Amino acid sequence: MKETSPYLLLIVILGIAMQSAAQSGLDSLRRQPIDADSIAVDQKKWQPDRDPIPRDYVQQPPLVPHSIEGYEVNLKSNKCLTCHSWANYKEAGATKISQTHFRDRELSVRANVAGTRYFCTQCHVPQVNARPLVENQFEPVDAIKQR
Amino acid sequence: MMPNNKSSETKSGLRQTLGRPSTRYSVAFLIVSGIALGVVLWGGFNWAMELTNTETFCISCHEMRNNVYEEYTQTAHYNNSSGVRATCPDCHVPKEWHYKVVRKIRASNELYHKALGSINTREKFEAKRLELAQHVWDSMKATDSRECRNCHEFGSMDLTAQGRRAVEQHEKTAKEGKTCIDCHKGIAHSLPDLHDVDPSAVVGESRATD
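Quick mapping for you: the protein sequence lines, in order, are chains A and B.
Under numbering that gives the first Met the number 0, the first sequence has 137 at position 138, and the numbering climbs by one with no breaks.
Under numbering that gives the first Met the number 0, the second sequence has 59 at position 60, and the numbering climbs by one with no breaks.
Worth double-checking, as some hints may not be accurate.
[What the hints assert, rightly or not] Once the Cα atoms are required to be at most 27 angstroms apart in a straight line, the calculated DSS-like pairs of lysine-lysine come out as: (1) A:Lys78 with B:Lys94; (2) B:Lys113 with B:Lys94; (3) A:Lys89 with B:Lys171; (4) A:Lys75 with B:Lys113; (5) B:Lys94 with A:Lys75; (6) A:Lys95 with B:Lys123; (7) A:Lys95 with B:Lys94; (8) B:Lys177 with A:Lys78; (9) A:Lys89 with B:Lys174; (10) B:Lys123 with A:Lys78; (11) A:Lys78 with B:Lys174.
[As the list claims (entries may be wrong)] Not close to chain B: a few residues of chain A, all C-beta gaps over 10 angstroms, as computed: (12) Ser37; (13) Ile38; (14) Ala39; (15) Leu74; (16) Leu80; (17) Val112; (18) Arg130.
Keep in mind the hints are simulated off the structure, nothing from the lab.
Since we're looking at a predicted model, the values are computed, not measured.
Note that CB positions come from ideal geometry on N, CA and C, so glycine has one too.
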């Protein structure tokens, strides 16, 4: 009689382990078998323009209370600033960017909006009506709670 | 007095000519065939006007296709919820006949610059863009944004269905004598470099102080 090769045994054990892992529903982040299309995310509608949204903590970049569809920000122009810059805010009826937006990363104050504050949507995000992915019980401090 | 005399002279002269028989064809025949020829030429002229009034024609030049057209396909005038599209001539060529002819004559300038290669690369186009945009802004300002109003009419806008920023601004438009293009620049294409137009809306300190 020939002895069974230890390698063959190893392969069989590995195979069984992999099988059971697949059956027990080990999830990939994508949640789809490798050969299937990924699930499309739901299309969400931008919310209509509304009043400024209350802030939840003092240093929070305020949320954008209006649609920003089609607004371009690049090195040649910044659509947001055509309404929010100090030169334009009155005309547009918008809030002007605060002093902090003129401070660069060395904390020196520039004559124009700082490069670190130029790409507005890094910090200010528009809203869609979506269910929060994670439950959240955050409460603002009393000093800024809306009454 | 002089001009009057002159015109009555030409009038009687004209009557004589019309009355006189042509040596080979009757004047009536000449007139009829003249009109017929006119109709053909006229039709051909208008046909050419229509042919050159299409988006396909506009983007047959790469100068138009690779720059402004590409950008326009990302905007609401190309793709929106109601599926109504505004094409290049809708915004750039007047509908009324006489304005249209004037625009077409001015368009021969585009042929000239096509031949010169004034904007035949992306770099050249961007360098000249502010100047071109300024032409468009100026002419829209001068016509009170006539082409926009062919489709959009304040009277037909349901302000209650518009966003609050829109309502606030549209309500004061008439009061301040503003027109669509004053507030709606860059709706169909990327804006040109604003350093010299509105330095507060672009990064870096104003060029003038450089």
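Tested hints:
1. The hinted pair formed by A:Lys78 and B:Lys94 fails the criterion: a straight-line CA distance of about 30 angstroms is larger than 27 angstroms.
2. The straight-line distance between the Cα atoms of B:Lys113 and B:Lys94 is roughly 25 angstroms, inside the 27 angstroms bound, and the hint therefore holds.
3. Proximity of A:Lys89 to B:Lys171 is assessed by CA-CA distance (about 13 angstroms); at most 27 angstroms being required, the pair is judged to hold.
4. Proximity of A:Lys75 to B:Lys113 is assessed by CA-CA distance (about 25 angstroms); at most 27 angstroms being required, the pair is judged to hold.
5. Pair hint B:Lys94 plus A:Lys75 does not hold up; C-alpha atoms about 33 angstroms apart against a cutoff of 27 angstroms.
6. Restraint check for A:Lys95 and B:Lys123: not satisfied, since their Cα atoms lie roughly 35 angstroms apart, outside the 27 angstroms limit.
7. With a C-alpha separation of about 41 angstroms, the suggested pair A:Lys95 and B:Lys94 falls outside the 27 angstroms cut-off, and the hint is violated.
8. About 19 angstroms separates the Cα atoms of B:Lys177 and A:Lys78, which keeps this hinted pair within 27 angstroms; it holds.
9. Pair hint A:Lys89 plus B:Lys174 holds up; C-alpha atoms about 16 angstroms apart against a cutoff of 27 angstroms.
10. For the hint pairing B:Lys123 with A:Lys78, the CA-to-CA distance comes to about 23 angstroms; that is within 27 angstroms, so the pair holds.
11. With a CA separation close to 25 angstroms, the supplied pair A:Lys78 and B:Lys174 stays within the 27 angstroms bound.
12. Against the 10 angstroms criterion, A:Ser37 stays outside the reach of chain B, whose nearest CB is about 24 angstroms from its own CB.
13. The beta carbon of A:Ile38 sits about 24 angstroms from the closest Cβ of chain B, which is more than 10 angstroms, so the claim that it is off the interface holds.
14. The Cβ of A:Ala39 lies farther than 10 angstroms from every Cβ of chain B, with a closest approach of about 18 angstroms, so its non-interface assignment holds.
15. Against the 10 angstroms criterion, A:Leu74 falls within the reach of chain B, whose nearest CB is about 7 angstroms from its own CB.
16. For A:Leu80, the requirement that its beta carbon stay farther than 10 angstroms from each beta carbon of chain B is not met, with the minimum near 4 angstroms.
17. Against chain B, the non-interface label of A:Val112 is violated: not every CB pair exceeds 10 angstroms, the least being about 6 angstroms.
18. Even its closest Cβ contact with chain B, about 23 angstroms, leaves A:Arg130 beyond 10 angstroms, as expected for a residue assigned away from the interface.
Of the numbered hints given earlier, the model fails hints 1, 5, 6, 7, 15, 16, 17; all others are met.
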